[in-house]
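Given next are the chains, with one letter for each unit.
Number of protein chains: 2
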Amino acid sequence: MTFHRYDVVGIGNAIVDIIGRCDDAFLARHKAPKGHMRLVDTGELMGIYSTMGPAIEISGGSAANTIAGIASLGGKTGFIGKIANDEFGRIFAHDIRAQGVAFSSAPAATTGGATSRSLILVTPDGERTMNTYLGVSTHFTPADLDAELISGAAIVYLEGYLFDSDDAKAAFRTAAQIAHGAGRKVALSLSDSFCVDRHRAELLDFLQGGVDILFANESEITSLYETADFDAAAGQAGQHVELAALTRGAAGSVIVAGGQCTAVPVHPVAAVVDTTGAGDLYAGGFLYGLARGLSHIDAGRLGGLAAAEIISHIGARPQANLAAIALQSGLKV
Amino acid sequence: MTFHRYDVVGIGNAIVDIIGRCDDAFLARHKAPKGHMRLVDTGELMGIYSTMGPAIEISGGSAANTIAGIASLGGKTGFIGKIANDEFGRIFAHDIRAQGVAFSSAPAATTGGATSRSLILVTPDGERTMNTYLGVSTHFTPADLDAELISGAAIVYLEGYLFDSDDAKAAFRTAAQIAHGAGRKVALSLSDSFCVDRHRAELLDFLQGGVDILFANESEITSLYETADFDAAAGQAGQHVELAALTRGAAGSVIVAGGQCTAVPVHPVAAVVDTTGAGDLYAGGFLYGLARGLSHIDAGRLGGLAAAEIISHIGARPQANLAAIALQSGLKV
Numbered sequence: 001m002t003f004h005r006y007d008v009v010g011i012g013n014a015i016v017d018i019i020g021r022c023d024d025a026f027l028a029r030h031k032a033p034k035g036h037m038r039l040v041d042t043g044e045l046m047g048i049y050s051t052m053g054p055a056i057e058i059s060g061g062s063a064a065n066t067i068a069g070i071a072s073l074g075g076k077t078g079f080i081g082k083i084a085n086d087e088f089g090r091i092f093a094h095d096i097r098a099q100g101v102a103f104s105s106a107p108a109a110t111t112g113g114a115t116s117r118s119l120i121l122v123t124p125d126g127e128r129t130m131n132t133y134l135g136v137s138t139h140f141t142p143a144d145l146d147a148e149l150i151s152g153a154a155i156v157y158l159e160g161y162l163f164d165s166d167d168a169k170a171a172f173r174t175a176a177q178i179a180h181g182a183g184r185k186v187a188l189s190l191s192d193s194f195c196v197d198r199h200r201a202e203l204l205d206f207l208q209g210g211v212d213i214l215f216a217n218e219s220e221i222t223s224l225y226e227t228a229d230f231d232a233a234a235g236q237a238g239q240h241v242e243l244a245a246l247t248r249g250a251a252g253s254v255i256v257a258g259g260q261c262t263a264v265p266v267h268p269v270a271a272v273v274d275t276t277g278a279g280d281l282y283a284g285g286f287l288y289g290l291a292r293g294l295s296h297i298d299a300g301r302l303g304g305l306a307a308a309e310i311i312s313h314i315g316a317r318p319q320a321n322l323a324a325i326a327l328q329s330g331l332k333v
Numbered sequence: 001m002t003f004h005r006y007d008v009v010g011i012g013n014a015i016v017d018i019i020g021r022c023d024d025a026f027l028a029r030h031k032a033p034k035g036h037m038r039l040v041d042t043g044e045l046m047g048i049y050s051t052m053g054p055a056i057e058i059s060g061g062s063a064a065n066t067i068a069g070i071a072s073l074g075g076k077t078g079f080i081g082k083i084a085n086d087e088f089g090r091i092f093a094h095d096i097r098a099q100g101v102a103f104s105s106a107p108a109a110t111t112g113g114a115t116s117r118s119l120i121l122v123t124p125d126g127e128r129t130m131n132t133y134l135g136v137s138t139h140f141t142p143a144d145l146d147a148e149l150i151s152g153a154a155i156v157y158l159e160g161y162l163f164d165s166d167d168a169k170a171a172f173r174t175a176a177q178i179a180h181g182a183g184r185k186v187a188l189s190l191s192d193s194f195c196v197d198r199h200r201a202e203l204l205d206f207l208q209g210g211v212d213i214l215f216a217n218e219s220e221i222t223s224l225y226e227t228a229d230f231d232a233a234a235g236q237a238g239q240h241v242e243l244a245a246l247t248r249g250a251a252g253s254v255i256v257a258g259g260q261c262t263a264v265p266v267h268p269v270a271a272v273v274d275t276t277g278a279g280d281l282y283a284g285g286f287l288y289g290l291a292r293g294l295s296h297i298d299a300g301r302l303g304g305l306a307a308a309e310i311i312s313h314i315g316a317r318p319q320a321n322l323a324a325i326a327l328q329s330g331l332k333v
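So the sequences go chain by chain: Z and W.
Our numbering applies: residue 1 is where the first sequence begins, and numbers increase by one.
Our numbering applies: residue 1 is where the second sequence begins, and numbers increase by one.
I should point out that these hints are in silico values taken from the structure, not numbers from a laboratory.
Among these hints, one or two may not hold up.
The calculated SDA-like cross-link candidates involving lysine to any residue, where the alpha carbons are at most 25 angstroms apart (straight line), are [as the list claims (entries may be wrong)]:
hint	chain 1	residue 1	chain 2	residue 2
1	Z	Lys76	W	Cys22
2	Z	Lys332	W	Pro124
3	W	Lys34	Z	Asn321
4	Z	Lys31	Z	Phe194
Derived list of chain Z stretches under chain W, where covered just means 3 residues or more per stretch with a C-beta under 8 angstroms from a C-beta of chain W [stated by the list, open to error]:
hint	segment
5	53-63
6	80-89
So these bits of chain Z aren't anywhere near chain W, every CB distance computed over 12 angstroms [as the list claims (entries may be wrong)]:
hint	residue
7	Asp164
8	Glu226
9	Gln328
All residues carry an ideal CB built from backbone N, CA and C; glycine is no exception.
Same shape as in the complex, but just chain Z (with noise of 0.2 angstroms):
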């Protein structure tokens, strides 16, 4: 039996979201695919940026979400991500760490670009379009992970955006095997249908021995398994690893584990403000409560009200203390 330190200790992207409104007719122009990530270069950047609304920002990075997440709710957390000497840079460690968060990760040198940061546009109707510059992210290698942090945790979590760069997918593997060599456990988020298509023969081969737990959407299970059928792909999930948890919006989530599928409901929202975040979030709930040995389905009910705050409002990190609300609907953990 070997105690960890850590619940949780994510690895991913260290982004600062800067978030605007805007209509359908504003992301067409930019040729911004509504609901999903694309990267930009600084050009496409201040292409955008000079163009769209007032912003707020705030920091992001999809596993960063999970882990202030998993924070909110009490769980001890760490997390690895690369960020440059500069503004950006310094609002992102004082987020982390104020969430209480352990972050050791020192800024890059100059040399490696800017923080990386997010352009992410809301529509009225809530659904967020995300538009990120990597920056100094892209030089993250497997020289930026801490192996105390990742072997003192019970679980590792990885983001899949990370795929879009080589250094951090070597980086990947490298954490998995630290991790299991330890004893831990292995999770991992396909982030996006559309990182998953650039990277599916990799994400498979990754998932079939490499990890253990797995987070996705309908749309990027589907594209993971190339099929339209997401019995399907859950199946085939199923078959890859331990456990799987896969988001389907407003129809809830679907537990996948032991060749069985289970059916987890929504949490009730007054109305969706902001989408942007709610899986990280459900992620976070999910593993807190798998961390902290609730069954799959009270973990799932704990994802599902974790994402339920995080749509409530304009950004991907709570605002309220997520302990407490968990608390008062009956989830102590």
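Let chain Z serve as the given structure and place chain W on it in line with the hints.
Structure of chain W alone, referenced to chain Z:
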């Protein structure tokens, strides 16, 4: 008869707000006077930032918030303030221009300090306490004024916070002269009762002759006239300026003009989340109503409506389209 190109042009500190939540004990530990603005140096700024919770960055600045509110109501506006050539300066410039405000100020040379920022601590009661690092704003001088912008506006609006810098005070007098020389009106907000305390004599001197329209809340106006009696203070204000709009929090506002005081009821708000910007947005609604020919009482109602929107969410820039809300409330401007 002189036509104007802008309804209102504002002059103030160009600030990015860093907003986080805290409890009263945190304010006490940092000796931050609750509900007020105090100036901090870099050391104090970092001391608070490194211990405060996760934050959100949103463009702010008192007069800038007022002007953003007028723009959201559909008004034609301009803003004059000083930014540095840094990330926060770019955030400020983007957000104010994206709101449709004419903002021509070029970033200052890099020797003058960073772009102003304010650590805004919101307590559970919704009250905000501000810790402002002025940085480059302390170098605001008459040379930073844009005479064409000022003389092209029906009203030039000045924030009292600028009195904290001698050069800015000189700029105030110059701006008022330019405006009056062009047959325009000059409006001033007293900003903060501590600020009034620091500059009482000069403010009283500037009021008489320099200012046509005065904005203040209850504690500011009673501080200015050194009396505990609001009605007495309102009476004195009526002798110093043509028009005064005095806000009383949940008790609404009082308009003083032609020897008469008229009470305007508060606009209903479901839940007070963060009072940051309440006075700024009241001034915005009032000035826009005035510039577009509304009665004083309807201008006051428009002020209350804009204030109600801003205190219903985090941050002092409108998240909703204020023109649409005004229309729904029967205040077509």
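Keeping to a limit of 25 angstroms between CA atoms, is the pair of lysine 31 (chain Z) and phenylalanine 194 (chain Z) held or broken?
-> Satisfied, since the Cα-Cα distance of roughly 14 angstroms is no more than 25 angstroms.
When you check the alpha-carbon spacing of lysine 34 (chain W) and asparagine 321 (chain Z), does it fall within 25 angstroms?
-> With Cα atoms ~23 angstroms apart, lysine 34 (chain W) and asparagine 321 (chain Z) stay inside 25 angstroms; holds.
Would the pair lysine 332 (chain Z) and proline 124 (chain W) pass a check requiring their Cα atoms to be no farther apart than 25 angstroms?
-> holds, 24 angstroms
With 12 angstroms as the threshold, tell me whether aspartate 164 (chain Z) passes as away from chain W on beta-carbon distances.
-> holds, 24 angstroms
How about the segment 80-89 of chain Z: do at least three of its residues have a C-beta closer than 8 angstroms to a C-beta of chain W?
-> Our answer is that it holds, as 3 residues pass the Cβ test (under 8 angstroms) against chain W, meeting three.
How does the coverage statement for the segment 53-63 of chain Z fare against chain W, requiring three or more residues with Cβ below 8 angstroms from a Cβ of that chain?
-> holds (count 7)
Taken at face value, is the distance from the CA of cysteine 22 (chain W) to the CA of lysine 76 (chain Z) at most 25 angstroms?
-> The given pair, whose Cα atoms are some 21 angstroms apart, holds under the 25 angstroms limit.
Is the nearest Cβ of chain W still more than 12 angstroms from the Cβ of glutamate 226 (chain Z)?
-> The claim holds: glutamate 226 (chain Z) sits with its nearest Cβ about 40 angstroms from chain W, beyond 12 angstroms.
Evaluate the condition: distance from the CB of glutamine 328 (chain Z) to the nearest CB of chain W exceeds 12 angstroms.
-> holds, 17 angstroms
This entry satisfies every hint, going by the numbered hints stated previously.
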